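Construct the entire structure; sequences and hints are all you get.
Number of protein chains: 4
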Amino acid sequence: MKFEAAVIEKFNRGPEIREFDISPLGEGEILVRIEAAGVCGSDLHIFEGRDPRIRLPMIPGHEGAGIVADMKGDVLDVRGNPVHPGDRIIWDRGVVCGRCFYCSVEKKPFLCINRKVYGITFSTADSPFPNGCYSRYIKLSSLTRIVKAGADISPEVLVPVGCSGATSFHAVEESGLREGETVVIQGPGPLGIFAAAFCRNRGAGHIIMTGSGKSRKRMELARSFGVTHLVYRDEMALESQLEFIKSLTGGRGADIVFEMAGSAGAVESGQHFLARGGRYMITGIAVPVGSVGIDVYENLVRKNASVRGVWVSDTSHLLKALEAVEDLRYPFEKLVSRRFSLVEAGQAIESVKDRDVLKSVIMP
Amino acid sequence: MKFEAAVIEKFNRGPEIREFDISPLGEGEILVRIEAAGVCGSDLHIFEGRDPRIRLPMIPGHEGAGIVADMKGDVLDVRGNPVHPGDRIIWDRGVVCGRCFYCSVEKKPFLCINRKVYGITFSTADSPFPNGCYSRYIKLSSLTRIVKAGADISPEVLVPVGCSGATSFHAVEESGLREGETVVIQGPGPLGIFAAAFCRNRGAGHIIMTGSGKSRKRMELARSFGVTHLVYRDEMALESQLEFIKSLTGGRGADIVFEMAGSAGAVESGQHFLARGGRYMITGIAVPVGSVGIDVYENLVRKNASVRGVWVSDTSHLLKALEAVEDLRYPFEKLVSRRFSLVEAGQAIESVKDRDVLKSVIMP
Amino acid sequence: MKFEAAVIEKFNRGPEIREFDISPLGEGEILVRIEAAGVCGSDLHIFEGRDPRIRLPMIPGHEGAGIVADMKGDVLDVRGNPVHPGDRIIWDRGVVCGRCFYCSVEKKPFLCINRKVYGITFSTADSPFPNGCYSRYIKLSSLTRIVKAGADISPEVLVPVGCSGATSFHAVEESGLREGETVVIQGPGPLGIFAAAFCRNRGAGHIIMTGSGKSRKRMELARSFGVTHLVYRDEMALESQLEFIKSLTGGRGADIVFEMAGSAGAVESGQHFLARGGRYMITGIAVPVGSVGIDVYENLVRKNASVRGVWVSDTSHLLKALEAVEDLRYPFEKLVSRRFSLVEAGQAIESVKDRDVLKSVIMP
Amino acid sequence: MKFEAAVIEKFNRGPEIREFDISPLGEGEILVRIEAAGVCGSDLHIFEGRDPRIRLPMIPGHEGAGIVADMKGDVLDVRGNPVHPGDRIIWDRGVVCGRCFYCSVEKKPFLCINRKVYGITFSTADSPFPNGCYSRYIKLSSLTRIVKAGADISPEVLVPVGCSGATSFHAVEESGLREGETVVIQGPGPLGIFAAAFCRNRGAGHIIMTGSGKSRKRMELARSFGVTHLVYRDEMALESQLEFIKSLTGGRGADIVFEMAGSAGAVESGQHFLARGGRYMITGIAVPVGSVGIDVYENLVRKNASVRGVWVSDTSHLLKALEAVEDLRYPFEKLVSRRFSLVEAGQAIESVKDRDVLKSVIMP
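Protein chains in written order, with the working numbering: chain S, 40 to 403; chain A, 40 to 403; chain R, 40 to 403; chain Z, 40 to 403.
Keep in mind that the hints were calculated from the coordinates and are not lab data.
Errors might be hidden in some of the hints.
One copy or two, either will do: identical chains are not told apart, so a pair holds if it fits within one copy or between any two.
[Claimed, not checked] Think about it this way: if two alpha-carbon atoms lie no more than 20 Å apart in a straight line, the pair counts; the simulated SDA-like pairs of lysine to any residue are:
1. Lys147 <-> Cys136
2. Lys155 <-> Gly67
3. Lys285 <-> Lys373
4. Lys342 <-> Ala325
5. Lys111 <-> Asn153
6. Lys187 <-> Leu287
7. Lys256 <-> Tyr271
8. Lys187 <-> Ile56
9. Lys187 <-> Val144
10. Lys147 <-> Gly215
11. Lys146 <-> Arg118
12. Lys111 <-> Arg341
13. Lys147 <-> Glu212
14. Lys187 <-> Ile152
15. Lys146 <-> Gly215
16. Lys373 <-> Gly244
17. Lys155 <-> Gly219
18. Lys256 <-> Thr163
19. Lys342 <-> Arg92
20. Lys285 <-> Leu115
21. Lys253 <-> Tyr271
22. Lys147 <-> Lys342
23. Lys49 <-> Ser180
24. Lys187 <-> Cys136
25. Lys285 <-> Gly65
26. Lys392 <-> Ala303
27. Lys49 <-> Arg92
Since the model is a prediction, treat every value here as computed from it, not as a measurement.
As structure tokens, this is what we get:
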């Protein structure tokens with residue numbers, strides 16, 4: 040059987056549409072017809088050759104949703120439901136070994152030393168193949184964790200759940216957010232929007248989104264996801280931002296600050312918002328940004344506070360993110376800003392640079 | 040290649056020594072020459088036909104240690120060390136699916152709904168084969184989690200780590216024991232002896248072992264594993280036992296009580312030992328014992344206390360139990376009471392009934 | 040200054056309206072004009088002489104809200120806001136010592152061995168006086184923890200926060216409820232209604248309320264507080280109830296069951312609803328009910344599940360319960376079923392027996 | 040009654056020995072005859088005028104142990120034992136309000152916004168008086184939390200428990216250390232020595248102490264407190280230190296690093312030692328050190344690791360530290376390097392600068 044996929048053969052070129060053959064399925068493997076593939080900020084890094092994990096040629100796309108086209112053997116999804124051809128599914132983009140120290144002893148599979156990621160760590164020479172979502176089909180190995188999605192959620196809404204949704208949930212979970220706590224979210228991108236909804240679902244009190252005036256549309260949209268206050272950081276001095284946060288919290292500050300802007304500058308400013316006992320969750324920084332200054336006495340020791348890094352996600356985070364979307368309490372369909380066809384993959388990747396675009400989706 | 044194993048073909052008979060063939064190894068599989076196989080209380084249940092999971096004919100033995108005789112492909116153990124022929128290893132007796140709700144979302148693989156156990160849930164018709172430890176060899180599937188053991192620990196000392204050690208560690212971990220807390224352990228069997236050492240390693244204050252005067256040798260041995268006080272339950276009224284525990288704790292009672300005696304009677308008495316905020320860990324009850332009366336107001340509500348069940352173990356518990364043995368702080372070699380050859384498997388199983396025997400081991 | 044209060048002088052009689060003098064305030068003390076006093080199930084126990092802590096004569100009423108009439112010295116509430124005459128406040132009914140093992144080391148003040156409770160452990164001879172809420176005034180000691188309430192919440196809505204709200208929050212917090220978990224609540228009383236809202240706020244998935252057909256009005260009301268399914272236990276066999284719960288959860292069962300019915304029978308049935316890893320929270324049983332049978336192997340060990348008792352509450356629970364009411368997401372005003380004047384205190388206590396009454400309030 | 044105390048009247052002068060009167064005791068107050076007062080690094084800061092909390096004239100000394108000379112009313116210690124004249128006691132140097140947000144809601148009294156500290160925040164004009172330990176007597180307010188110490192532990196051994204012991208325990212507790220984890224401790228001072236013992240008591244695996252060759256005596260002493268490896272940071276390049284740590288841990292790195300050196304440089308180097316999932320506990324930095332560079336991507340995000348500040352301690356930490364000393368497993372008496380009389384208070388403070396001195400004690 041033949042199929043088409045978008046392939047990066049040289050950095051900063053293409054991707055090119057190529058035709059490939061699909062080989063027969065092995066036991067437990069699933070062939071998925073991709074309905075929608077998400078375009079993530081890291082796809083731009085990949086395209087530009089800034090991600091050291093990449094081996095060319097490769098099919099990008101680590102966020103996807105699709106319909107089971109074929110499968111071999113019986114498979115249950117992580118909720119215990121049998122998977123059949125015709126079912127709409129999503130899956131954990133990371134495939135973990137289950138046997139290393141982090142998988143079996145720490146039980147933190149997101150730290151698995153053998154973790155592979157569809158659309159990132161596979162080249163076209165690797166198996167299973169096809170192995171990225173910018174493609175009409177993807178083949179999922181028997182170790183891949185599958186979740187059947189409700190038929191009433193459209194595939195482009197499911198797509199961001201798999202990466203930014205799951206990672207954002209991971210950050211909220213590790214923050215230990217308790218009822219009534221005050222939250223600051225830096226950055227109204229997909230990570231931040233998801234975080235707002237997750238925090239609201241978990242009983243947060245004030246949820247303050249900080250962002251640039253250039254992202255005004257996204258900032259306003261954030262209100263629909265539980266954000267209670269907007270702070271435009273380029274229209275207000277840092278000192279005034281801090282005063283505002285303190286005014287909401289009896290002078291204490293924010294219990295949790297989520298860095299979801301992806302910049303060192305966010306860390307430099309956001310650390311000052313912490314209350315005593317506060318937690319600063321660095322979630323958006325996915326590439327090296329150098330050394331960032333922390334006022335360790337004033338912001339950490341004196342406050343008994345912490346700064347924590349959040350690395351990717353695992354299946355538990357994926358499922359919880361999906362459940363929040365299925366719950367229908369928030370308008371997640373509004374996250375999808377633009378839709379592209381497979382041949383427009385290059386434009387789709389470029390669209391990530393546009394500050395008005397929250398999420399671009401390729402529908403092969 | 041031919042090998043011999045002890046096989047239960049009919050309940051309450053044998054086991055018979057049979058000869059089998061070993062088929063070629065698949066990718067990631069390991070063939071182990073068994074040096075020592077532990078005899079567990081549940082082996083007696085299996086032999087007598089009281090364990091509903093059993094399908095005959097089968098090779099018993101879920102605790103084992105041995106030398107890698109052959110392997111196919113590269114395998115790392117859970118500590119990240121490469122495994123080679125000639126290495127002494129132990130392994131997680133439970134093989135889990137990695138994809139069900141409990142494995143991938145709850146991250147409690149000991150609750151995996153597809154969990155298989157060497158020496159228990161396999162018949163001689165199943166693969167991998169051989170699949171029990173009362174055998175000269177066992178073949179471990181590629182999903183089995185392996186741990187290389189230090190060469191300086193003898194195999195019969197490693198054996199109890201795999202079942203009672205790991206389960207006991209699980210209980211201590213779930214108890215949330217904090218430094219200085221007072222612990223009561225009911226039952227000086229392998230579970231209880233391990234628990235004493237684990238509690239001491241974790242900073243427990245008083246460690247009180249309760250048991251029968253018929254187990255006086257084991258009770259005395261427990262002192263070498265961190266137990267600070269012995270209470271002979273058949274020589275002291277329950278009320279006096281409670282008074283004694285209170286006298287050690289400023290009138291508060293025990294922070295944690297471990298049921299490791301395997302009887303409903305232990306639950307009936309042990310619940311009264313709890314302090315406010317206490318935790319009662321039912322660990323030894325491995326078969327149905329009917330309904331047990333709990334004074335829910337006096338012992339749970341008024342004390343904000345809990346009763347918790349502990350089910351088997353996972354790889355993290357196994358590794359931590361092993362590390363405690365490797366630490367050489369306690370004389371774990373004293374746990375091994377009797378050694379049997381493979382042809383004496385029937386006697387070995389019978390020896391579990393003897394109150395003076397802490398641990399019997401078969402050395403094929 | 041003179042004031043009137045309802046006093047129990049003999050069990051099963053009165054209460055009588057008596058006039059008393061108010062003595063001058065000490066440093067840090069607050070005199071509160073009671074606007075509303077809640078009638079709790081335990082007030083009936085007190086009235087009938089079934090509560091061993093009671094010394095007569097005494098003024099009942101441990102739930103109250105009122106206006107600061109007078110105060111001596113500066114007082115901040117627990118949110119850090121200054122308290123002034125004219126402010127509407129509630130307070131932690133329990134006054135704790137701050138220096139015992141449970142207060143200072145365990146940091147679980149609800150277990151304080153010196154805990155005193157307004158309206159329960161004080162007689163009219165004790166100081167501070169007046170010290171119960173069935174009164175025109177109450178005097179709060181300098182150790183009492185105060186919370187200023189928003190002026191837009193009516194006092195009778197605040198009243199149940201102080202006892203059933205806070206205790207219910209305590210139960211939800213100790214349950215460790217995580218996003219998406221399935222909850223069963225046994226009993227549509229104030230505890231259960233609050234629990235539904237708290238669970239929903241914390242991201243619960245299915246919330247199933249079980250109750251009798253005789254409480255149909257309350258059961259239906261529970262839907263407004265986040266309950267997603269109603270199970271009438273007298274119209275459905277236990278086995279069918281369990282099947283229903285399993286049908287909602289991929290066959291797993293309930294992650295958490297809250298006993299909020301106050302009966303041993305609830306424990307006997309509810310334990311069977313637990314999923315693997317489940318937690319059974321006994322919250323409603325406030326008086327001895329004798330020994331209750333637990334199938335420890337099937338419901339606790341095999342499932343690695345627990346049964347936990349929940350004892351009263353502390354200031355953290357009170358504040359979190361208040362915040363949920365202030366959040367205005369649920370119609371807490373509907374909890375108040377009947378209003379009484381001070382002279383009707385006897386009838387108010389009797390009204391607790393009426394199954395249609397969710398909450399009675401005395402407005403002195 | 041008259042008594043003498045050492046008083047700082049001007050910074051960098053004295054302290055002067057002055058004579059004062061003791062006023063009558065109030066209810067719940069305790070008069071203690073000081074047997075030993077610890078000299079802490081922060082006493083030097085106080086003496087030099089670098090601590091902004093100080094109001095002169097004042098009696099320094101926040102670590103003390105002594106004999107109850109007089110008391111008014113019944114007092115129980117935090118273990119529930121009655122306190123009598125003649126008892127040897129220690130106490131929590133911090134007196135907390137019990138009613139602020141951090142005391143009553145967060146239940147983290149070490150963050151109390153009204154926290155007062157004997158020997159630091161009191162001037163000679165404040166009550167209770169005397170209120171510092173460089174004195175023949177101290178008067179403890181009724182809110183002070185008391186612990187009776189075993190009579191067999193000498194007062195100079197008890198002294199460091201109250202500040203560095205308690206703070207060190209706080210750090211170990213917040214680190215969440217689990218059995219078998221690898222620990223690096225930066226700095227062989229009292230904080231670090233205590234931490235080694237606490238980590239060992241809690242089941243740590245490797246315990247690596249890093250320090251300067253100038254502190255060789257203290258480094259060697261650390262071995263007696265559970266340290267398994269010494270790393271002289273001025274004799275080994277940072278890269279080699281890291282390689283050494285990785286060689287012990289299957290290439291993973293340290294699970295926990297304790298900064299107990301009090302310098303920004305320690306943070307700059309120590310962050311690199313972290314394993315995936317690691318925690319860096321800043322404990323020794325007690326004065327502002329400016330902004331410290333953290334490689335947030337490499338050391339926090341990519342590793343899902345955290346940097347946490349630890350601020351002082353509360354009564355629970357004090358008691359646990361004391362219990363470790365009472366346990367007699369480690370030679371805590373070796374911490375006391377030098378003894379001074381009250382008139383030598385100035386020399387005692389100066390002795391803190393001597394790298395061979397672990398702990399100086401004043402014995403009035």
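Hints, verified against the model:
In this homomeric assembly, Lys147 and Cys136 come within 20 Å of each other (Cα to Cα) both inside a single copy, at 12 Å, and across copies, at 16 Å. Taking CA atoms no more than 20 Å apart as the test, Lys155 paired with Gly67 passes in both settings, with 18 Å inside one copy and 18 Å between copies. With identical chains, the CA atoms of Lys285 and Lys373 are never at most 20 Å apart, being 32 Å at best within one copy and 34 Å at best between copies. For the homomeric pair Lys342 and Ala325, the shortest alpha-carbon distance between copies (12 Å) is at most 20 Å, but the shortest distance inside one copy (27 Å) is not.
For the homomeric pair Lys111 and Asn153, the shortest alpha-carbon distance between copies (19 Å) is at most 20 Å, but the shortest distance inside one copy (25 Å) is not. Taking identical chains as interchangeable, the C-alpha atoms of Lys187 and Leu287 lie at most 20 Å apart only when they sit on different chains, with a minimum of 15 Å there against 41 Å within one chain. In the homo-oligomer, the alpha carbons of Lys256 and Tyr271 lie at most 20 Å apart inside one protomer (12 Å), although the nearest pairing across protomers, at 48 Å, exceeds that limit. In this homomeric assembly, Lys187 and Ile56 never come within 20 Å of each other (Cα to Cα): the closest approach is 29 Å inside a single copy and 48 Å across copies.
When the C-alpha separation of Lys187 and Val144 is checked against a cutoff of 20 Å, the pair qualifies only between copies, where the shortest distance is 14 Å, while the shortest distance within a copy is 28 Å. Taking the shortest Cα distances, Lys147 and Gly215 sit within 20 Å of each other both inside one copy (16 Å) and across copies (16 Å). Both within a single protomer and between protomers do Lys146 and Arg118 lie at most 20 Å apart by alpha-carbon distance, with minima of 19 Å and 13 Å respectively. When the C-alpha separation of Lys111 and Arg341 is checked against a cutoff of 20 Å, the pair qualifies neither within a copy, at 58 Å, nor between copies, at 33 Å.
Proximity of Lys147 and Glu212 under a CA criterion of 20 Å is satisfied in both settings, with 13 Å inside one chain copy and 17 Å between copies. Taking the closest pair of Cα atoms, Lys187 and Ile152 come within 20 Å of each other only across two copies (19 Å); inside a single copy the shortest separation is 27 Å, beyond that limit. Taking CA atoms no more than 20 Å apart as the test, Lys146 paired with Gly215 passes in both settings, with 18 Å inside one copy and 16 Å between copies. Taking the shortest Cα distances, Lys373 and Gly244 never come within 20 Å of each other, neither inside one copy (24 Å) nor across copies (23 Å).
In this assembly of identical chains, the alpha carbons of Lys155 and Gly219 never lie at most 20 Å apart, being 38 Å within a copy and 28 Å across copies at closest. In this assembly of identical chains, Lys256 and Thr163 lie within 20 Å of each other by CA distance neither inside one copy nor across copies; the values are 39 Å within and 60 Å between. In the homo-oligomer, the alpha carbons of Lys342 and Arg92 lie at most 20 Å apart only across protomers (16 Å), although the nearest pairing inside one protomer, at 38 Å, exceeds that limit. With identical chains, the CA atoms of Lys285 and Leu115 are at most 20 Å apart between copies only, with a shortest distance of 17 Å across copies and 49 Å within one.
In this homomeric assembly, Lys253 and Tyr271 come within 20 Å of each other (Cα to Cα) only inside a single copy, at 9 Å, whereas the closest approach across copies is 52 Å. Taking identical chains as interchangeable, the C-alpha atoms of Lys147 and Lys342 lie at most 20 Å apart only when they sit on different chains, with a minimum of 11 Å there against 28 Å within one chain. Taking identical chains as interchangeable, the C-alpha atoms of Lys49 and Ser180 are never at most 20 Å apart, the minima being 27 Å within one chain and 41 Å between chains. Proximity of Lys187 to Cys136 under the C-alpha cut-off of 20 Å is restricted to the inter-copy arrangement: shortest distance 18 Å between copies versus 22 Å within a copy.
Taking identical chains as interchangeable, the C-alpha atoms of Lys285 and Gly65 are never at most 20 Å apart, the minima being 58 Å within one chain and 33 Å between chains. Taking the shortest alpha-carbon separations for Lys392 and Ala303, only the intra-copy value of 18 Å comes in at or below 20 Å, while the best inter-copy value is 38 Å. Within a single copy, Lys49 and Arg92 get their C-alpha atoms as close as 15 Å, which meets the 20 Å cut-off; across copies the closest is 56 Å, which misses it.
Hints 3, 8, 12, 16, 17, 18, 23 and 25 from the earlier list are contradicted by this structure; the remaining hints agree with it.
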